[in-house]
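Peer 1: On the provided structure of chain A, position chain B as indicated by the hints.
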Amino acid sequence: MVTYIIRRILYAIPILIGVNLIVFFLFFVVNSPDQMARKILGEKNITQEDVDNWKKQNGYHLPLFFNTGASGGGHLTETIFFQKAAKLFVFDFGTSDTNNIDITAQISQRMWASLAIALPTFILGLLVNITISMIVAYYRATYVDFWGTIVAVTVMSVSSLFYIIGGQWLFGKMLRLFPISGYDSGANMLKFVILPVVIGIISGIGSGIRFYRTIFLEEVNRDYVRTARAKGVSEAGVLFKHALKNAMIPILTNVVLAIPLLFLGSLVMEAFFAIPGLGSFTIEAIQAQDFAIVRSMVYLGSVLYIAGLLLTDISYTLVDPRIRFG
Amino acid sequence: MLMMLAFFVSCGVPNNPYPKSERNEEIYYSTFPEEPKHFDPAISYSSDEYRFIQQIYEPPLRYHYLKRPYTLIPLTAEAIPQPRYYDARGRQLPSDTPAASVARAVYEIRIRPGIMYQPHPCFAKTESGTLRYHDLEEADVSGFAEIKDFPMTGTRELIADDYVHQIKRMADPRLSCPILSTLADYILGINAYSAAIAKGQNDAPFPGVEVVDRYTYRVILKTKYPQFVYWLAMPFFSPMPKEAIDFYNQPVMKERNITIDRFPVGTGAYRIETLLAHKEIVLVKNENFRVERYPSSGERGDREAGLLDDAWEIVPFIPKVVYKLEKEYIPRWNKFLQGYYDNSSISSDTFDSAIAFGEMGDPSTSEELRAKHIVLRTSVEPTTVYLAFNMLDDTVGGYTPEKQKLRQAISIALDYEEYIEIFRNGRGVVSHSPLPPGIFGYEAGESGINPYLYNWDASTNRPVRKSIEEARQLLAEAGYPGGQDPKGNPLIVSFDNTWTSAGATSQLTWMRNKLEQIGITMESRTTDYNRFRDKVKNGNFQIIYWGWHADYPDAENFLFLLYGPNSKTLHDGENAANYDNPEYNRLFEEMKNMENSPERLARIREMNRLLQRDAPWVFVYHPVNFGLSHQWLKNNKPSSLGGGNFKYLRIDADQRSKNRHVWNKPIVWPLWLCLGLLILGTIPAAITIWKRERGTQ
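Each protein sequence line maps, in turn, to chains A and B. Straight run, no breaks: the first sequence in my numbering ends on number 324. Straight run, no breaks: the second sequence in my numbering ends on number 809.
Just so you know, the hints here were simulated from the structure itself, not pulled from any lab data. As the structure is a prediction and not an experimental result, all values here were calculated from the model. Note that beta-carbon positions come from the ideal geometry of N, C-alpha and C, so glycine has one too. One thing to keep in mind: the hints can contain errors.
Mimicking BS3-like on lysine-lysine, the simulated pairs with C-alpha atoms at most 27 Å apart in a straight line are [what the hints assert, rightly or not]:
#1 A:37 with B:280
#2 A:85 with B:366
#3 B:132 with A:171
#4 B:132 with A:189
#5 A:171 with B:777
#6 B:280 with A:42
#7 A:37 with B:439
#8 A:243 with B:803
#9 A:37 with B:649
#10 A:54 with B:280
#11 B:746 with B:397
#12 A:229 with B:803
#13 B:749 with B:439
#14 A:54 with B:354
#15 A:171 with B:354
#16 B:647 with A:54
Coverage of chain A stretches by chain B, computed from C-beta distances (three or more under 8 Å per stretch; other residues unrestricted) [claimed, not checked]:
#17 33 to 46
#18 98 to 104
#19 230 to 238
The shape of chain A in the complex, shown without the other chains:
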């Protein structure tokens, strides 16, 4: 197992270099350092001299990938790519391009706001989705299954933006039950979190039910379920004890992979509910052409995704004793 984990970590290194290269390439295909400087310095009264000065102060005066003016290793190290990307591998995200704030500090500060919404939405959503899916699977081929599927397809066909605006309008404006938007820390957080969590669960319920219903239907038609029924196990026992346990692998694949990405937050939800999380942090950086934040967040996302895949593999061994890694 340890060997397997080490091997997977070593595999991650070239993947992360590749991700860095792609992000770097894509960013600078769209934006040149001059354009970044002009965007960050503002539109008014900016001259090329101001632009050149900003680039020099922020390390964007170097060539992108290859420095013909340097000698030896400097050809590669005295470049924007090396200077900006190398530190990421030791998780030194540096400071933002727009206002020199410490990116690591921002991530650790904003991560909790993202988690405050994403974690309860994820856990409660999972419980709701699995419970309803099992009920629908229990009533398979009846009107409950039929209408359950129709409702699920309808719910998943509607944009999440509709649920957000509709939820704010209904619960916040018309019924006046919750603040329409905002965020606070400590105990005051609760009243701000409930509405986005409820909306998050409702907007995800359609696809969740469809996915888990399919898994459960596959399980309830297997031989071991027939055997359990033949032995007189109740239908609820079949579903909750036997089918649920055997459906854990696809559920885990879906769940464990999603856990690390919860840290990155939701772009739309955070914007509409004024939640100061990492989702809004990323989208603001893209809009402001802040390369330092963009590359840091993409890198972090890649690391978390790789970690998620590794965790998924490890979790398989916990639910299925037959699985062993060599």
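Peer 2: Just chain B now, kept in the frame of chain A:
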């Protein structure tokens, strides 16, 4: 889930987003749409940032809160400085000396004694009199993240040296001050000083600024530049105590991201209490703020509007200001209607439900808003929006009579009265020149109209746009009868833009249809902003949509947008049309250094006539700002240029609390209804399960 909601509501928790402790406090609540990036006055150059730092930093001058047109008055200075002019041999010259003869312009600014800085740890001293926090070790600031983590604070008096220090900071290339290149054209020796700083020579001479005595300093310009006093009203020229910079420059402070760019140190009416730019910014009253009084005069109508009710009262009235980050308009608007924000702008989406127009076209609030006693205030922005023709382009550019007529024909066809009604909900004043109302040189009435595009209707006292027939005639005279060149090829013009929003298609269609009326085909080239900016810089366009918001209320700050040596393509300036008319350039050079006078007005008129004839721009409109505020917010007057105005606002907290209570009573019954239906719905399912388990089904 419903049970959770029901439980939550039954606990009596309302939709009030603020803590109970703030319920009856005189706190001003408002919003900001984007995180401010810089609070360092040497770097900040955005209205999103100015709304905060102008409450904290105090340049020597400011604009009168109530008077319009905008009027400069002293803030920390004792008087508006009057420049002294000298020739190259050092002899003093009279004030009306032509700019060409002036070798030095000296501004001597005397500040008022007794102005104190806000309480701040950078001034805190030990019992022995040394600065307490200026030699910090790691252990001294363990766990510190904000200025308020420092237990001790101090203060000191504002002195002239603080202003000189700030001007020197603007010259520091490491700070990337956005107006450094502009200042380099005027302040004596700033370029050389900047170059020396870049080489690490921190004690290099800077002849352009000097301290005269404790309360007086001089700024020396290398030319006559009457507009310099306006710069003295901008935060760039605020004082910066050396103690603050030394305090923030310590390595342990930088490591903690505690910088002057986040935590300002000023003498203004407010100081920053909480800075969580990704969530909220809280300002509280500066305990050391001097005695200052509410203005006793304003413009016509201010007294009737209640804006002088607090004349001579000591300001500030509000002890605390809370700004929340709200990126999306819809939640912001709904919270304003619920009484949780004290003021709001109006988006196009909500305009029809918020504003009604009377028979004379005068705007007022809708029935719904009137019922809540919401107040509407409008003001014309010191902004000009225009379409720029690329004067370097072979087709739409050039200065021959034919090219002038082509651009005039296009200008007539694009009916911007109609555009403002359809796309701006009437929130704009059609422009006839670059100058908006309120700026010296702007003329209303017949004398101010663009005679190439409008006729004056004496019966209604209004300008009337020339007909499409006249536009077609001009186009024919330009060599494009029916929109075709002599070879029969259709005239196609391209419009470069970055319009990707939902309403962009309809605006482009409108433009296309308008030009088709005279036979011109418009090709829209929509692109991202970076590409667009490159095209403008390289002169690779025919027509673009552009705008300018004034730095200061002077004709020079608008008319320089068409001064030849400011060409965007040729000289990297702000003249996006690349217009270069020698006569206009000559008049601009004369006008820019003149005091407002009949002679200056005559030159501005002449320049406007040249622009109207040459038509390098399609003059589009000057935006009109529609601002809403609740009845409990007093003394609220919109101001696009003046800052530091929070101190004049007053809140009736009792009235606000009562209204919030009435407007936000929760409605719970639908939840109980849903819960009941859910329980009823589960009964048949439970029966079915029970029957299945018993094998009866």
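Peer 1: So, for every hint listed, does it hold in this structure?
Peer 2: How the hints compare with the structure:
Taking the CA atoms of residue 37 of chain A and residue 280 of chain B, the gap is near 25 Å; set against the 27 Å cutoff, the hint holds. Of the supplied pair hints, the one linking residue 85 of chain A and residue 366 of chain B holds, its CA atoms being roughly 19 Å apart against a limit of 27 Å. Restraint check: the Cα-Cα separation between residue 132 of chain B and residue 171 of chain A comes to about 20 Å, which is no more than 27 Å; the hinted pair holds. As the CA atoms of residue 132 of chain B and residue 189 of chain A are separated by approximately 13 Å, the hinted pair is consistent with the 27 Å bound.
For the hint linking residue 171 of chain A to residue 777 of chain B, the alpha-carbon distance of about 11 Å falls within 27 Å, and the restraint holds. Simply put, residue 280 of chain B and residue 42 of chain A have alpha-carbon atoms about 21 Å apart, close enough for the 27 Å limit, and the pair holds. A C-alpha spacing of about 20 Å is found between residue 37 of chain A and residue 439 of chain B, which places the hinted pair at or below 27 Å, so the restraint holds. Our distance criterion of 27 Å between C-alpha atoms is met by residue 243 of chain A and residue 803 of chain B, whose separation comes to about 25 Å.
Restraint check for residue 37 of chain A and residue 649 of chain B: satisfied, since their Cα atoms lie roughly 14 Å apart, inside the 27 Å limit. For the proposed pair residue 54 of chain A and residue 280 of chain B, the alpha carbon gap of about 20 Å is at most 27 Å, so the pair holds. A C-alpha spacing of about 18 Å is found between residue 746 of chain B and residue 397 of chain B, which places the hinted pair at or below 27 Å, so the restraint holds. Only pairs whose Cα atoms come within 27 Å are accepted, and residue 229 of chain A paired with residue 803 of chain B is accepted, the gap being roughly 19 Å.
Restraint check for residue 749 of chain B and residue 439 of chain B: satisfied, since their Cα atoms lie roughly 24 Å apart, inside the 27 Å limit. A C-alpha spacing of about 26 Å is found between residue 54 of chain A and residue 354 of chain B, which places the hinted pair at or below 27 Å, so the restraint holds. Taking the CA atoms of residue 171 of chain A and residue 354 of chain B, the gap is about 50 Å. The hint is violated against a cut of 27 Å. With a C-alpha separation of about 25 Å, the suggested pairing of residue 647 of chain B with residue 54 of chain A holds against the 27 Å cut-off.
For the region 33 to 46 of chain A, the proposed coverage by chain B is satisfied: 10 residues have a C-beta within less than 8 Å of a C-beta in that chain, meeting the threshold of three. Look at the region 98 to 104 of chain A against chain B: 5 of its residues bring a Cβ nearer than 8 Å to a Cβ of that chain, three or more, so the hint holds. Counting residues of the region 230 to 238 of chain A whose beta carbon lies closer than 8 Å to any beta carbon of chain B gives 3, which meets the minimum of three for the stated coverage.
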